[in-house]
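Number of protein chains: 2
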Amino acid sequence: MADPPTIPIVGGTGALGAGLALRWATAGAPIAIGSRSAERAEEAAERLRETVPGAQVEGLLNEDAARRAEIVFLTVPFRAQSENLNNLREALAPGQILVDCTVPLAAAVSGKATRSLGVWQGSAAQQAQEMVPEGVTVVAALHSVGAPTLGDPRAELDEDVLVCGDRKADKARVARLIELIPGLRAVNAGALEMARIVEQLTPLLISINIRYKTHAGIKLTGLPGGDHWE
Amino acid sequence: MADPPTIPIVGGTGALGAGLALRWATAGAPIAIGSRSAERAEEAAERLRETVPGAQVEGLLNEDAARRAEIVFLTVPFRAQSENLNNLREALAPGQILVDCTVPLAAAVSGKATRSLGVWQGSAAQQAQEMVPEGVTVVAALHSVGAPTLGDPRAELDEDVLVCGDRKADKARVARLIELIPGLRAVNAGALEMARIVEQLTPLLISINIRYKTHAGIKLTGLPGGDHWE
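Heads up: the protein sequence lines correspond to chains A and B, in order.
Going by the working numbering, the first sequence opens with residue 137, and the numbers climb by one from there.
Going by the working numbering, the second sequence opens with residue 137, and the numbers climb by one from there.
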């Protein structure tokens, strides 16, 4: 991609959003960090400009960030997902893609981070699909990439990102953005309903991380080489 | 391990069981192939002796196979899991470990193989733990290793096996057997309840396999090197 579009990150001041912003800014992509507070968003943007000299980054209210480009990333904790989706109803327009990264960890209701909550629609991503305005499509991705690893500029990434969605063309567009980050490969995991399983990779990795005192990632073996998204 | 113990495989004439038997026999481990039919078990043993000259393999009724060693593998389809566990009640004795490999695919009730069934106890492995005699412990493993890959002697394996169980010592004993097979690394995925997630890796891989026309496996990145089970 010669000129990557702006990447809006709703909840961009959280750990996952900030880690993604760091990686994308480092890769030269323009970023719109969204937050409930324009002031906090601008502070995060300022920090990112200090860490990554020349970073093209602005800090905005979530709703304003979501208007910056067709593909919008939602990186809020599950506890805040519905509230954020409600707030985005006026901001999102038909044709946009919302990339939901939400993991329904039981930690959202003071349970364990190795356990998850049942979501009535099947997954957080399917809940998002129900809540976005008509004509907006949801793609689910980036659940299994650890925020601490993303946020550590010295950490080398070497893992796959499982992407779920009902249209391959949408997933391919999201995959291009994910693969701007060196060390991440986007893998087509199937329809949006597969987010039921993909979202569960996070508590599984947390369980493994506890035992191995590490930040593990997922990789698939046996996939053909080359560009999977052509 | 100088002298690996016999490895009983209940349901050893099925695709997963036969694939495991092939790999373990090739590695020099003695195998007890179990089946509901002693005749079918002996036929499978005979085929294995032809494929792997010098293989130490016997074909037995499931119940007799289960008495051959402390660690018993259960590799039947979900549809037959409860029936098999009922049949094993008299055969299994306290101190034994049952390694449950069952995946509750919706295919068991003529649904899709990319979907799974909800199991009341949380997972097939937890259902097994409820059904085995007192004093028998269940470890869950080997869900994500594809039977076609295992069963093809020319296919090189290169993947991780996520092992769930409530006692590390039990998991370590199972891990030693899994790691007799070249190309498989056993990873401690946490308590038995984590089988809720690990069993879901199979429908996820099936979804990926459909898209990539391959037999994908799972690997974790970021784990420390060396023997994880000491």
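None of these hints come from the bench; they were simulated from the model.
Certain hints may be false.
Unchecked claim - Among the chain B residues that face chain A by a calculated CB cut under 10 angstroms, a handful are:
(1) Gln-257
(2) Thr-273
(3) Thr-350
Said to hold, decoys possible - Over the 12 angstroms line for every Cβ pair with chain A, so calculated as not near, a few chain B residues:
(4) Arg-204
(5) Ala-205
(6) Asn-223
Said to hold, decoys possible - Each computed DMTMM-like pair below joins lysine to aspartate or glutamate, with the alpha-carbon atoms no more than 20 angstroms apart:
(7) B:Lys-304 - B:Glu-270
(8) A:Lys-349 - B:Glu-366
(9) B:Lys-349 - A:Glu-186
C-beta atoms are modelled at their ideal positions from N, C-alpha and C, and glycine is treated no differently.
Problem set entry | Structure versus earlier hints, numbers of those that do not hold, lowest first | 1, 2, 9
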